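Enquirer: Sequence:
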Amino acid sequence: HVRWNSSLSMLQSILEQKRALSIYTADHNLPATLTASQWTLMENTAEVLVPLEELTREVSKETATAADVIPAISALRRVLSREDTTDQGVRTMKRTLLEAVETRFAEVEKEPLYSIATLVDPRYKDRYFTKSDHLRFAKDSLIQEVMKMEENRVASEEPEAAEPVSKAPRQGAGSSLGSILDEILEERQPEAQSVSTTSADVQVRIYLSEQTIPRKSNPLDYWKTHATQFPSLAAVATKFLCAPCTSVDSERLFSAVSNILDENRNRLSPDKLEMLIFLKKNMHFIWEP
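If you're matching positions, the sequence shown starts at 1 in this note's numbering and goes up one per residue.
In short, the hints are calculated from the structure, not lab data.
Computed from a predicted structure; not experimentally measured.
Every residue, glycine too, gets a C-beta built ideally from N, C-alpha and C.
Some hints here could point you the wrong way.
[To be verified] Cut-off 30 Å, straight-line C-alpha distance, at most; resulting in silico cross-link-like pairs (DSS-like, lysine-lysine):
no., residue 1, residue 2
1, Lys-110, Lys-61
2, Lys-148, Lys-110
3, Lys-272, Lys-216
4, Lys-239, Lys-110
[What the hints assert, rightly or not] Listed next, with one range per pair, are the computed distances between beta-carbon atoms:
no., residue 1, residue 2, range
5, Gln-38, Asp-84, 18 to 28 Å
6, Lys-110, Asp-249, 42 to 52 Å
7, Glu-107, Asp-249, 23 to 33 Å
8, Glu-151, Met-283, 33 to 43 Å
9, Arg-205, Glu-107, 50 to 60 Å
10, Ala-36, Ala-256, 39 to 49 Å
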């Protein structure tokens, strides 16, 4: 756990034991007790840190990709910029956190890896960009990538009739962070497009004009079923959605290696070690207890 994460766990644990601690201090006549304002401050501090905890867990998942970065930052900005009745004593903290987010992630929407990955993720598309010039740059970059894919295609196939996109009902968010992400999506509805050609620019425009899929859905399943409708765009999506969101999963892999190879088990061949690591990381796919 990182430091702030441990602090949140500590605060939540203390708040859970509030009644017991109050009774204990009263029964033993302890000289120092927490005041009502201090309890309120702890509650409000924990309230601010909870969305950061949820976001950390989301981007640390094995399935998280580079496409999750920009939506996560957009949600975090909104959470920290909201004024609430529970802000007593933590307004400066929220403002400082927001300034840190703005400073560290000011240019993230201009990074092709993150911006293109977000656009080709059918859960997000162009709904989470905060600046129009950043979005325009991202769309231009995506179109260039699609054009490269089209140039690399060996032979053009006759376009088949695309199946209409089914509009599945949006699943309910399971957390406050999820509700923020869904809220941003609802605010930015696309304009309908109707074009019959299949150029790079048109593929991108038609794709972005369609409704996003539920946030809990698998974006790769979407591209598997829409590869015929958007062939070059699907190839770009496959390329960019394979990038992980953070290095957390790589660190988990290194931890798995340390559990397999140690001082008392150091004669494994590289091939055998690789096979054991592969089995360790993929066991849940091939065997269920």
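Enquirer: Against this structure, judge whether each hint is valid.
Expert: Here is what the structure says about each hint:
A C-alpha spacing of about 24 Å is found between Lys-110 and Lys-61, which places the hinted pair at or below 30 Å, so the restraint holds. Only pairs whose Cα atoms come within 30 Å are accepted, and Lys-148 paired with Lys-110 is accepted, the gap being roughly 20 Å. Of the pairs offered as hints, the one joining Lys-272 and Lys-216 is violated, with about 37 Å between alpha carbons and a cut-off of 30 Å exceeded. Annotation: proposed proximity of Lys-239 to Lys-110 holds, straight-line Cα distance about 18 Å (limit 30 Å).
As the Cβ distance of Gln-38 to Asp-84 is approximately 19 Å, the hint placing it in 18 to 28 Å holds. The given range of 42 to 52 Å is broken by Lys-110 and Asp-249, whose C-beta atoms sit roughly 25 Å from each other. Between Glu-107 and Asp-249, the C-beta spacing of about 25 Å keeps the proposed range 23 to 33 Å intact. Remark: the range hint 33 to 43 Å for Glu-151 to Met-283 is upheld by a beta-carbon distance near 41 Å.
Remark: the range hint 50 to 60 Å for Arg-205 to Glu-107 is contradicted by a beta-carbon distance near 26 Å. Under the hint 39 to 49 Å, the C-beta atoms of Ala-36 and Ala-256, about 48 Å apart, fit the expected range.
Against the hints set out earlier in the document, violations occur for numbers 3, 6 and 9.
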